[in-house]
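Let the hints inform the model, and build the full structure from the sequences given.
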Amino acid sequence: MAGSGPPDSGANQVQLARVQAKFVGTGHADTSKVQWANNIHRDSIAVYLGSAPLASYLALARGESIGRERYEMTEAMYAPLVGRESGK
Amino acid sequence: MATGKQAPMHVLATTLHAQASVTTSAYGSFSAPKAVEMVAVRAATRIDLLRPAADGTLTLVSSTDVFGAIRSLATFRLAGATRDYLVVGSDSGRVAILEYEGSKFKRAHVETFGRPGCRRVVPGQFVVSDPQGRAVMIAALEKQKIVYIMSRDTEARLTISSPLEASKSSTVTHHMCALDVGFDNPVFAALETDYTDADELLQSRRRMQRDRDAAEATIVPLRQKMLTLYELDLGTNHVHVVWSEPADAGASMLVAVPGGGDGPGGVLVMCEDCVRYLNPMAAANAGREQAAIIIAANQMEAVLPRRADLPRERGTLITCATSHKQKKMFFVMAQSEYGDLYKISLSLDGAGVPVQLTVKHFDTIPPCVSMHVLKTGFLFAASEFGDHGMYQFLGMGDGDDGDACATSDSPTPMHDSPAARRDAAPEITLRPLRNLFLTQSLESHAPITTMRVSNMLAEESPQIYALCGQGVNSHLKVMRAGISVTTLAENQLPGTATGVWTLKQRRDDDFELFILVSFDGKTMLLRVDETVEEVGEGNTNFMLDVTTMHVALLGDDTHVQTHPGGMRIITGDGRVTEWHAPGRRTVTHVASNRTQLVAALTGGTLVYFELAPDGTLQEDFEKRLDVTTSAGGGGGGDVACLSIAPVPEGQLRARFAAVGSYDNTLKVVALPVEEEDPLTVVSLQAVAANPASLLLVDYGDGALNLCCGLSNGVLVQNEVDIITGTLSNTRMRFLGNRPPRLHEVRVDNGTRSAMLALSSRTYLGYHRTDGSRAGGGGVGGGAVLVPVSCSALKHASPFSSAQSLDCVVAVEDNLLRIFSFDDIGERFHAMKCRIRYTGRSLCLMEEYQTAIVGCADANVKPIAEESLPDDAEAAAAFLDERAVLGPSRAASGSWASCVHIVDPRSGEVIFTHELNTADGGSKAEAEAASASSAADGSSPGYENVTAICPVTFPEHRGNETLVAVATGRNLCYLPRRVHDGGYLHIFRYRRSRRGEDDQHSLELVHTTRVKDDVPMCLCAFQGKLLVGVGGTLRLYDMGLKRLLRKCELAGFPTVIKSIETYGSRVYVADVCESVSIVKYRSLENSLYVVADDVLPRHMTACRRLDYDTVAGADKFGNAFVLRLNENASVEVDDDPTGGFTDKRHKLDVAAHFHVGDVITAMDVATLQPGGTELLLGATVSGAIRALVPFATREDADFFLNLELHLRQEAPPLCGRDHMEWRACYAPIKHVVDGDLIDMYASLPLDVQTSIAEELDRTRGDVLRRIDAMKNRLL
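As you go down the protein sequences, you meet chains D and A in turn.
Here the numbering used here is used: position 8 in the first sequence is 8, and no number is missing along the way.
Here the numbering used here is used: position 435 in the second sequence is 10435, and no number is missing along the way.
Honestly, the hints are just simulated from the structure, not real lab data.
Remember, predicted model here, so these are calculated numbers, not experimental data.
Computed cross-link-like contacts, SDA-like style, restricted to lysine to any residue with a CA-CA straight-line distance of at most 25 Å:
1. K10034(A) - K10327(A)
2. K11011(A) - R62(D)
3. K11046(A) - A11020(A)
4. K10328(A) - T10075(A)
5. K10168(A) - V34(D)
6. K33(D) - P11096(A)
7. K10168(A) - A17(D)
What the simulated footprint calls covered on chain A by chain D, stretch by stretch (three residues with Cβ under 8 Å from a Cβ of chain D suffice, anywhere in the stretch; the number is not a length):
8. 10141–10155
9. 10199–10206
10. 10217–10226
11. 10856–10863
12. 11155–11163
We put the beta carbon where it would ideally sit given N, CA and C, even for glycine.
As structure tokens, then:
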């Protein structure tokens, strides 16, 4: 975040609030461990699903089809801390 | 060995073999109305346009690198238009609408909506388009959905509205489709889950944060998948939710059913184990309660037929689907994760209301990422892994043919639990293809799991050994650089041939009729008709008792045969005239084109002939030229080689001939164009060695090239000015250790000329027209010179026959070969050997010329336990069939694994050691061994091979080669990584002679149980064995009954991925924490870390480059080079405390580059005799990439500047900034993108010229430098 002016200035606060509204997962002073971890996991899953070679790489390691791997990763977006196999 | 001064590293990153895996595709008419075409996205980064011919063979029409990650594709066609647009959802934070124009895709619109990158809330993950082409919805994985309205302006150009948002926070989108609603307001359907509850619950209850199982039990049942419909109101220009109801928990995919006038409309929801049909829009005009009743009444469900061998806990998931509609029918072709195709159809009653849903097993093909049913009756299937297929429909699977079929009952009971569905599912009987027929298989090496480069077979250039494919579709591929050829005939000749020529009877004949083979003192004439026959002395006018030097067809039907004493001219009507060399001189060289002939006599005199109108050859006595004396250099020496230019289209004569002489010069001689012109030397070039062969060739682009093979093996290529004859643009390249012999051949179905250069290796020079296609070997759209994969040849001639128009007839010693080129666009060709499971580890036994392959697959039954026939041929057929049908699944947690010995010459598996089989295998031995040392008391456990490495223990076993095999025991990656340790097996490699053949086998010496973690990598080190056991580096020595632990270094952060060694240093790559350099002090027998990295890189491959430098790649697609700086290196080696200070130096980044593809293996090799050493990387998408160091700083600067200009002039197609893409995770450093450099030649001429001017060079200069760089690769 590009901050101009002294820290904690009003403009910065407004800007931070805007970023928080726009980008899910932007932290704030009261971010808990669980929220943070949830966000990290969801962000990671988004990268795994978004970049096709990475999805193939993961599917290959597990010996599943890419389609199954993608399905399970999308399912895990719901509660990423509660285990990948939660769909079963 | 220290490396001296460390120079900064500058490299070019380029693609040697393009990726072939398809990640998504689209079907439509892009280039012309009614054209049947497909767009395939290769490894997310390249857009290929494929066009099927009438017989279903696909040709590549255009290929564009987009320098970004394409995540989704959709096509749309504006009302009344005849061609489709392509909408691309990528990681650029923009929506790109592409249009095919000219010969490539161009941007029609690029609209920015968010930040670049694969972020979860920036749209791009899903793109769907309204079937009527009115709107496009582009969605992110979470929250955001944006709709753009497409229309056209007064000039019929596409316009795009400002974005309409339909976002909903904390909502995950699983899948989307656009409903077919005819001309009502466009409706988009999405499968969504709201995660607010889960987050709140987990946040509020501390107990759940600690106890995963409790959390799972509480939170998972709360999950509610919703099917939500978004309507775009075209009147008020906004998007709103019209309908949202819970969907099945296992729903994974939506497929729209044709609606409007073509069908009932509605949507198919693909769930785990079943398919549901519902049509929410059927009740669009009814009241809320009424609507619910109507929709419920319409809803239907059919279970998916299920494989008999599936364990009970496994579901069947539809992973790929396509719908096809014709005038009177439509169906959906869906494929399960196991590869089974289902034909899903709806039967309608008289009023067009669906009454029954039918799901029928159709056929089984390897699992696909994308399929399309073409209207020409073909199925394009882009496989997840391995080769893609074009299938022809032989039947529609109608009628009762015994295939598993499930229908919805009326009224449909909904199976809510997975168990109920699995009970109700009919069983699939697996069988070979019945309704489909494979017409073309498009080769894809994806995924390459590991790769080694070695010249194990002692050939001209090294071979690339790669483990490719997944599951039963896995291969060891031996790749060689070069265009592959198909040998059509191979015949023994009665003696050692000196030359071969082919002749047509008349110029306008389609095919060549004669092949002349010349020997010392005699000539053989073969007539090629239906069969090949030798023509005897009496039946021909050719002289058969002389050594033929040259034979050619002049004019329409005049044949000229040259021998040392003179020439024989045979006109079409059978008249024979002779020309004798004057005096005591003999003819040394002859060259001819359609109308002219030049002969060189001893002493260096050129004699010029021209075809007279009556078909005879007239010597013009005035037209003689002493070339070797007139230059004043050699003083009357002989001509060394001679060539004449081809007659340009529409002209009577060629203007130039070229002469090479023994004074190391090439001369261009102007031929008389008018009667009175003399022969004159117009230009001259000095070369480094004696010229051995010359060729003036026009590759079909109108430019004349003078190529010269020198006696030192170098090929010199010049451009000849077609007016003045001056030489320019000189390029040189070393081809091999024989003087290159140059011959003209034909390519592209005989339409264009090419040059075949025969040295110790054979090369083909031609003009490449498919400008955008990269893949190494030359500049796109220019003259290229690529190796041909065939044995060394002596003399060659073009030959066209009914089978192929661009064959070549060639001789070598006493062998006559006729062959044709397979695909001149391909730079590598592969020989493959099927292996049983996914390849995991490869080691090359150079001493025995064999490869040892370790393969393993989770959750499948070992093939050895199935009815594998004993007979080798039947077994191969069984495996081939399995490769199509997929493996038999076993209970989760089981493994199938084996070790093969492969003979790379024949491509056959010569020995197999299967693990995990009931009848012995290694398990019994392993258990016996481990039982003696420590009683496990547990079940036998499943083993999977993780690493293999040859090792010697000189202190204990002399130089006997042993093979160490590391296996994991009961390894499982998910839900979390659990294991039961592993084993280290030591095998003796045994070669014995039985009859003619060598028998290779592995014999178990002993097995060591490793209890604390899985051994993942092995490396022989100073007569001992280094093993990466989880996060511990351990050194083992050989013992009598087991390996003995000598020393260890624990504390690597996660799991050690690979180990490389050099001297006393060990380079250790961790799966999450980059590379560390470890030093071994043999005196104290201790290992300690001396240097590590500052960034946590998720390593997938690592290769040591020199003492201080390692190259690596991470799973996010970065390739980098890390280096220990010079001072630190010295300090490390001189450290008197022996690591006591615990000082860790940090590795510097010497180069960094985002490849955009996961590199799984790296190796260093020189692929060309005398070429540069390359760092090769094999990727999961089947590409082979290379990092090439620049030779000079000046070179690096030039390419950096060129890249800078290209970034401006050729911005990536999908809107991703090139620099941003290549620096996706970390700043790009000291690397020039060769794929971008390749774009230069495909830019418009004026742009090329202006870039060249900016660089203070000419366009030719720039092209030549690019070419020279590329020529260093292959």
